[in-house]
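Let the sequences and hints guide you as you build the complete structure.
Number of protein chains: 4
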Amino acid sequence: MALKTRGDYLEALRKLRPNIYKFGELIEDVITHPATKRTVESHCRSFDASHDPELADLYTTTSIFTGDKIHRWNSMTQSSDDLINNMRLKRQNYRRTGTCSGAVCVGWNAQNTLWAVTEEIDEEFGTDYKERLKKWILYAQENGVTAAGALTDAKGNRSLKPSQQDDPDVHLHIKEVREDGIIIRGAKLMICGTAASQEIFLLPGGVYKEEDSDYALACVVPRDVEGLTIIEATRPSDRRDLEETAEGEVPNTGITQGLLLFEDVFVPNERVFMCGEAKYTTKFIQFFTTNYRACIGACVAGQGDVMIGASVLMARANGLSTKVFSNKLVEMSINNQITYGLGVGACAMGIKHPSGSFFADHLTAHTNKVMVATLPYETKRLTQEIGGGIVETGCMPSYKDFTNPEYGELLQKYYKAGNASAEARYRAARLSEWLTIGGGVPGCMHGGGSPDGARLIVRFMTPYEEYADYAREIIGIEEKIPEPNRKK
Amino acid sequence: MALKTRGDYLEALRKLRPNIYKFGELIEDVITHPATKRTVESHCRSFDASHDPELADLYTTTSIFTGDKIHRWNSMTQSSDDLINNMRLKRQNYRRTGTCSGAVCVGWNAQNTLWAVTEEIDEEFGTDYKERLKKWILYAQENGVTAAGALTDAKGNRSLKPSQQDDPDVHLHIKEVREDGIIIRGAKLMICGTAASQEIFLLPGGVYKEEDSDYALACVVPRDVEGLTIIEATRPSDRRDLEETAEGEVPNTGITQGLLLFEDVFVPNERVFMCGEAKYTTKFIQFFTTNYRACIGACVAGQGDVMIGASVLMARANGLSTKVFSNKLVEMSINNQITYGLGVGACAMGIKHPSGSFFADHLTAHTNKVMVATLPYETKRLTQEIGGGIVETGCMPSYKDFTNPEYGELLQKYYKAGNASAEARYRAARLSEWLTIGGGVPGCMHGGGSPDGARLIVRFMTPYEEYADYAREIIGIEEKIPEPNRKK
Amino acid sequence: MALKTRGDYLEALRKLRPNIYKFGELIEDVITHPATKRTVESHCRSFDASHDPELADLYTTTSIFTGDKIHRWNSMTQSSDDLINNMRLKRQNYRRTGTCSGAVCVGWNAQNTLWAVTEEIDEEFGTDYKERLKKWILYAQENGVTAAGALTDAKGNRSLKPSQQDDPDVHLHIKEVREDGIIIRGAKLMICGTAASQEIFLLPGGVYKEEDSDYALACVVPRDVEGLTIIEATRPSDRRDLEETAEGEVPNTGITQGLLLFEDVFVPNERVFMCGEAKYTTKFIQFFTTNYRACIGACVAGQGDVMIGASVLMARANGLSTKVFSNKLVEMSINNQITYGLGVGACAMGIKHPSGSFFADHLTAHTNKVMVATLPYETKRLTQEIGGGIVETGCMPSYKDFTNPEYGELLQKYYKAGNASAEARYRAARLSEWLTIGGGVPGCMHGGGSPDGARLIVRFMTPYEEYADYAREIIGIEEKIPEPNRKK
Amino acid sequence: MALKTRGDYLEALRKLRPNIYKFGELIEDVITHPATKRTVESHCRSFDASHDPELADLYTTTSIFTGDKIHRWNSMTQSSDDLINNMRLKRQNYRRTGTCSGAVCVGWNAQNTLWAVTEEIDEEFGTDYKERLKKWILYAQENGVTAAGALTDAKGNRSLKPSQQDDPDVHLHIKEVREDGIIIRGAKLMICGTAASQEIFLLPGGVYKEEDSDYALACVVPRDVEGLTIIEATRPSDRRDLEETAEGEVPNTGITQGLLLFEDVFVPNERVFMCGEAKYTTKFIQFFTTNYRACIGACVAGQGDVMIGASVLMARANGLSTKVFSNKLVEMSINNQITYGLGVGACAMGIKHPSGSFFADHLTAHTNKVMVATLPYETKRLTQEIGGGIVETGCMPSYKDFTNPEYGELLQKYYKAGNASAEARYRAARLSEWLTIGGGVPGCMHGGGSPDGARLIVRFMTPYEEYADYAREIIGIEEKIPEPNRKK
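Chains as they are written, first to last, in numbering that gives the first Met the number 0: chain A, 0 to 487; chain B, 0 to 487; chain C, 0 to 487; chain D, 0 to 487.
Read the hints as simulated data drawn from the structure, not as lab findings. Bear in mind that the values here come from a model prediction, so they are computed numbers and not experimental data. One thing to keep in mind: the hints can contain errors.
All copies of an identical chain are treated as equivalent in the list; a pair is satisfied when it fits inside any one copy or across any two copies.
[To be verified] Lysine to aspartate or glutamate pairs mimicking DMTMM-like chemistry, simulated, CA-CA at most 25 Å apart:
#1 160 / 422
#2 282 / 223
#3 278 / 330
#4 412 / 211
#5 208 / 123
#6 399 / 179
As structure tokens, this is what we get:
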């Protein structure tokens with residue numbers, strides 16, 4: 000039976016060897032450690048939803064391979080509807096957790112992207128990557144595996160290619176090819192959801208030429224593979240998570256990012272899906288980013304929905320009607336629907352790859368990336384504007400002070416305002432802070448690549464000459480008007 | 000044979016009685032009169048495209064009734080793909096004409112909206128509106144009819160309902176119901192494309208209650224129906240169209256808006272599709288606006304494409320590379336793709352009505368309306384920024400001066416700049432002016448209803464309470480926080 | 000007596016020889032010809048104001064040379080207060096005329112800029128330009144002269160310097176230096192207010208190096224100097240001005256731009272203030288633009304004030320309260336106050352030149368230029384949003400139709416809406432159109448130079464290294480972090 | 000001698016009794032405790048600057064009472080130049096500390112505002128508040144006192160007036176008037192800089208009517224006055240400040256906000272400057288906010304300068320030239336100069352009060368408040384865009400991990416990128432995080448009142464009727480167009 004429960008998932012996590020550190024200490028159990036338990040809880044909710052009558056249709060689907068019911072995040076996305084359902088799931092997930100759940104997102108995109116890319120590589124090079132991948136997918140579907148995905152290398156000097164760097168390790172690379180597998184070395188940084196994942200896809204972090212073929216690498220490894228050490232990044236205000244009073248200040252859900260250090264890690268062949276075929280890194284990046292950037296519109300929309308909700312609570316908790324803020328709430332809703340609807344539009348205009356994978360329209364997807372990197376900032380600003388001073392910078396006592404036996408009661412008397420208890424008002428304000436200037440802020444700007452990268456693609460996909468011809472036609476200019484020659 | 004040619008179309012226009020005035024004079028022939036010939040030419044191009052091997056697939060389709068090949072603008076839109084093709088056609092049309100072609104747009108939307116609404120009315124009231132409509136559609140399909148559509152009434156005092164107005168005529172209304180038809184009276188203002196249309200749909204201009212049932216009216220009339228007088232509105236800079244030198248200053252294409260004055264016009268029953276069923280005006284407005292506001296994203300995108308083209312020409316004509324303006328051109332392209340992609344997203348999330356008609360998602364469509372009312376302004380600003388001073392306010396000599404026998408040559412010597420002749424630079428600048436501050440500026444702000452109307456719908460479609468519940472759930476607030484009570 | 004009246008001014012204009020053409024015809028009398036009479040009227044109002052008890056303080060001041068009462072536009076601006084009064088006058092002027100009055104603006108700035116530049120040139124080269132200038136200023140003060148100012152050359156290929164152009168005439172230049180004066184040749188384009196001016200300053204259109212010293216030229220000429228032909232540019236919708244019905248469609252005020260063609264014009268030495276001193280074109284451009292770009296904030300603010308007024312009229316004429324549009328009106332007012340207040344800030348931070356002239360702060364003035372090139376567009380958009388469809392593209396009948404004996408009454412009945420007559424509503428809508436998409440739109444984007452030019456100056460005036468040092472200091476970074484070396 | 004040193008200041012702080020708590024513990028020494036030492040250091044730098052030859056002119060001035068050299072923050076601001084110097088000091092202070100220094104800001108504004116208000120009260124009521132205030136100012140000048148200022152009450156239900164609240168304490172109020180002074184009770188929340196202050200002004204938090212005269216209260220108290228307990232608010236990521244590794248993660252400077260709980264505090268008469276004169280709360284709020292909102296433009300500009308600096312460091316540390324980000328850096332600089340220049344403009348247009356105090360122009364100052372609540376958000380977004388993923392959400396290891404003996408070296412190898420050491424890149428990224436999503440984010444949105452409050456004032460200061468008259472005049476409308484009557 001492919002559908003797993005929260006219990007199954009936690010059991011699977013428990014079996015992994017501890018290899019995650021934060022604040023100088025090894026996290027023995029990601030499920031209970033305060034630095035990671037919130038992201039684990041976030042992921043648990045996807046398992047819960049898979050069994051919830053109202054949500055099961057969204058969180059589960061049918062395997063195209065076996066016909067079995069599976070978690071949707073293990074499925075093949077082979078139509079615009081599949082992609083749109085990916086978006087619907089993401090928006091819903093954000094609404095239920097407040098932030099992202101990397102291990103039911105990036106790995107899913109990775110397997111579908113590689114499905115197309117491996118077919119192309121196999122065709123040219125006679126390799127059997129696709130068959131290997133299919134085996135892994137079947138295993139993942141059967142076990143309801145959560146898989147993170149890692150693209151971002153340390154990168155070193157941004158002006159140099161991997162092979163030009165002083166230190167070859169600043170991009171994850173193939174150090175040695177053995178008969179039964181490969182040895183890899185380097186790091187992947189800022190990888191979302193690794194602490195809650197069972198497996199991690201390692202993927203090309205850029206487009207490489209032949210001279211950088213050692214860096215053309217795609218594979219999947221268990222999160223606790225030998226030789227991999229993970230250091231958790233510290234996010235804004237995340238030391239609050241460790242406090243005994245955390246419950247009053249932060250949600251039970253959350254997200255973390257890991258810094259993955261690979262010191263000569265062995266990956267067996269059956270888990271390797273690209274191994275030096277540099278020219279296919281271009282395809283990989285194209286396919287991966289187009290679906291990622293279309294769908295991320297759902298993530299920020301879902302979080303924006305929660306910001307609307309938190310703002311409604313804050314207005315009322317302050318004693319004000321939401322009508323006072325009607326213009327602002329409408330603006331927030333518009334922002335949410337832009338990134339969501341534009342993503343859906345990209346999906347609807349997508350193209351089916353011969354392999355069966357479906358990819359969103361490039362121009363629209365990259366346009367959406369730029370929106371995703373701007374509109375949520377405005378939505379956050381409005382959340383802070385509606386919420387008032389205590390939301391803006393969370394300018395309130397710590398929950399420890401708020402519940403202090405000596406002066407806590409006195410403090411609480413001053414935090415009672417409108418139609419809410421002091422406690423509810425405090426929590427609503429902390430949630431707004433967490434969403435806008437705390438640990439709940441997702442990396443919507445650079446996650447999945449920078450907006451300037453997206454702008455570059457927009458530029459190359461806009462047919463200037465064709466548009467110039469329309470203009471000439473309309474106003475009756477017969478001559479061509481060429482680019483000026485460079486003066487020497 | 001349902002596919003008509005430019006010649007067929009012109010012949011049909013020629014048969015209509017002259018009932019259009021501008022600048023105090025009756026326009027005897029809309030095909031040749033300089034005030035209307037440009038919009039007729041715009042519409043002609045849709046007939047041309049129907050026979051152009053590269054565009055025929057887009058401009059034609061198959062009748063669901065007869066299986067015949069028909070012009071797409073006479074077709075039933077019954078799926079998200081049909082709506083998306085409507086958008087593709089519109090973007091392409093703008094690229095080829097620079098502006099809108101109302102008579103292959105609004106009537107099309109009207110017939111598909113009425114298809115759903117008449118089914119619902121018939122079901123409740125036992126009328127046969129849908130059958131009447133079907134007959135008209137079959138006639139339209141067979142004859143490749145171009146039909147404008149008219150919603151906007153004169154409206155009088157915006158704070159009063161139709162029946163409260165001093166003058167009942169400020170909304171078009173049923174003056175008398177006869178056995179064989181109805182007598183209507185009033186006006187429809189700012190109706191796009193009427194001069195180039197053969198028929199005009201008359202449609203409810205608002206949502207009416209029972210007391211205003213005389214205003215709940217839908218029908219279709221020939222453009223030259225007895226009792227209808229049309230006065231052409233004057234658009235920015237449109238007196239240039241009348242000059243003998245117009246060719247150098249304005250495109251051959253264009254758009255006009257008519258003010259339609261109905262003085263006791265008779266409409267036979269077979270052309271009446273709503274007659275007093277006030278409660279269905281709500282449905283009509285909902286269905287009509289959602290598709291209109293989704294698809295209009297394609298119109299402004301298509302015009303934006305031409306603005307990119309014109310800007311590329313201007314940069315080069317000024318002696319500069321387009322690279323100098325790369326950021327601005329990318330921003331323009333992003334603006335275009337937002338309204339287009341968001342519209343497509345609205346279509347993709349649409350719902351099929353039991354009648355077969357397909358309607359775009361409301362929240363997304365109305366969100367798009369707000370974008371359509373803002374982004375094109377920014378695109379125009381950028382067009383003026385790239386083009387320079389002569390584009391900004393068209394600050395150049397008239398073409399009459401430019402070609403004046405005495406000093407024209409002297410002037411032209413000063414308009415030669417970069418890689419273009421003085422003539423080409425002049426025309427590119429005039430096109431940019433026409434698109435941004437002249438006759439080519441479409442009514443994207445209020446056409447199809449105001450952005451504030453759209454914002455209102457966004458507000459009502461955003462589920463505040465549901466979102467507040469997500470927020471409460473995430474941060475662990477158990478109490479409900481209600482709206483404050485009004486103090487007395 | 001230096002203060003002149005409207006009558007004096009008109010008499011002075013009448014004495015000038017006709018050398019202005021529009022639409023192929025010579026304008027015999029700028030005062031009565033419909034193409035120029037509106038801009039003359041605009042200028043008349045400054046003379047009226049000089050004698051109006053409520054405005055005289057603003058429109059007049061005292062000569063620093065003679066102590067006489069003079070028109071403020073003939074005065075020396077020698078303090079931040081003088082510059083701020085320049086701004087106050089401009090805002091007021093826009094409020095009273097709806098648009099700009101070039102001949103009481105640019106010449107004024109020119110004389111004060113040249114006052115500083117000639118002092119520097121004289122000091123280095125031993126010339127007597129400043130003395131010549133002083134004589135002209137005394138004459139101008141005594142006669143209440145209106146002087147336009149012309150910087151913009153035809154420019155030819157924007158990638159080439161003047162001396163590199165195929166045609167030397169594309170920049171106005173010194174063709175010959177004689178004992179008693181110079182012969183100049185070329186053109187100045189898009190020069191505002193020339194039709195209403197008595198004199199025109201000819202000024203360097205750019206920063207020139209030694210090889211382009213023939214183009215380093217500053218002088219002042221009578222508007223009707225021998226060899227000068229002026230062609231009026233055609234502005235948006237300006238053919239309406241020529242109609243017999245113009246009164247109902249356009250204001251009595253207005254602005255025009257002239258294209259100035261100089262065919263070997265002689266300028267006597269006493270009117271020449273720079274003649275080949277190329278290195279001082281830099282200083283000239285710096286001084287001129289900083290004051291121009293600070294003060295232009297007042298112009299767009301003043302026009303924005305009128306847009307607020309027109310929007311208030313439109314709302315009410317439509318039957319709606321201004322409260323409905325409160326957010327939008329506040330946004331408009333904020334936009335106005337930004338460009339005005341920022342300009343005043345630039346003046347307040349200005350520096351006194353040794354010559355006595357006072358120049359606004361560069362960084363702030365150029366920042367304001369960018370605002371002036373963006374915010375008014377948003378204000379116009381809001382004007383169109385508040386006004387409704389008839390404002391957006393002026394989608395109304397021509398006044399000729401509106402007053403047509405046959406159907407005019409019928410039309411008017413449909414234009415009566417709220418608390419205004421049809422006539423008043425019609426005019427308010429036409430004013431809004433004129434201000435936002437018609438002849439009243441000023442060249443705020445490129446007038447006085449492009450916003451990209453301003454951005455360039457902002458870039459060079461922002462001390463990156465100093466700011467980087469603050470950052471290093473604050474976070475305790477001891478090493479310097481240099482720019483990367485270019486890879487070869 | 001009035002000029003104090005860092006040492007004098009610290010000595011004065013040391014003498015105060017400990018009454019500040021954070022995280023449940025009493026802070027024995029604000030100078031050394033990690034929760035407060037950074038804000039103390041920030042304030043120290045103002046004393047340092049007072050003796051720094053390059054900055055002394057800005058940080059010191061002359062007493063108008065004694066002619067002695069004093070710290071500028073103890074001075075009377077009696078001209079636009081004085082206000083502009085206030086702004087210059089603030090911008091410089093932000094550049095040198097990265098954030099705000101409340102105790103050399105709000106108290107300064109308070110004393111100057113009260114100077115005018117007490118004169119008016121004294122005149123009407125025959126009180127001697129101004130004389131009392133003068134004595135305090137002389138004492139403050141002589142001792143170089145740092146004084147915070149507290150306006151914001153707990154407020155309770157925002158829809159109710161103070162006297163309508165269930166709990167009278169939610170606004171600070173006069174509980175009892177004694178012969179020698181008053182007893183006050185209540186709270187002031189989110190008060191900036193109290194931990195580093197010697198004295199605190201208690202000021203009206205709103206505009207009150209007669210029935211709320213108990214709340215019309217202005218006085219000044221020592222920070223350690225009996226009966227006052229201060230709880231420090233917890234700011235984003237401020238638990239980092241407490242870590243032993245704080246030095247690598249946060250600046251040595253900083254700001255804190257205190258929650259001030261007054262339990263029957265006695266204030267002697269000589270320190271009371273308003274005691275029940277409710278009608279003067281209006282004047283107080285007007286005068287206080289106009290200067291506060293003009294000058295705060297300098298604060299966010301100064302912090303924006305540091306963001307430019309941090310962005311320059313990040314670009315280079317990533318191996319990229321600042322040229323890559325030229326557009327973004329220019330946009331940031333423009334944002335900074337808008338709030339600064341607009342504030343200076345407000346100062347320059349200010350008015351001198353009969354008391355000698357000088358107040359900035361209201362309309363411009365409140366316009367600036369709206370800018371201050373929006374532009375810095377955009378500047379922060381750009382800082383995150385330039386800095387890359389590690390800046391966006393500070394997605395890096397903790398400094399504890401970064402310097403961990405086991406894996407720290409390995410981590411550091413991956414954080415070396417461009418022209419900077421790993422350490423420098425790490426710190427620059429942490430600074431950018433701190434400025435944009437950490438403890439350095441100032442309360443520019445609601446500090447000094449909400450932007451919606453400012454918009455309300457803009458609305459009331461925009462003369463709609465006057466502007467409507469300009470519009471009518473220009474287009475020749477003779478009738479007045481009134482607001483519509485409300486239908487019953």
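Outcome of the hint check:
With identical chains, the CA atoms of residue 160 and residue 422 are at most 25 Å apart between copies only, with a shortest distance of 23 Å across copies and 54 Å within one. Taking identical chains as interchangeable, the C-alpha atoms of residue 282 and residue 223 are never at most 25 Å apart, the minima being 29 Å within one chain and 58 Å between chains. Taking the shortest alpha-carbon separations for residue 278 and residue 330, neither the intra-copy value of 44 Å nor the inter-copy value of 30 Å comes in at or below 25 Å. For a Cα distance limit of 25 Å, the shortest separation of residue 412 from residue 211 across copies, 20 Å, qualifies, whereas the shortest one inside one copy, 64 Å, does not.
In this homomeric assembly, residue 208 and residue 123 come within 25 Å of each other (Cα to Cα) only inside a single copy, at 17 Å, whereas the closest approach across copies is 60 Å. Proximity of residue 399 and residue 179 under a CA criterion of 25 Å is satisfied in neither setting, with 55 Å inside one chain copy and 39 Å between copies.
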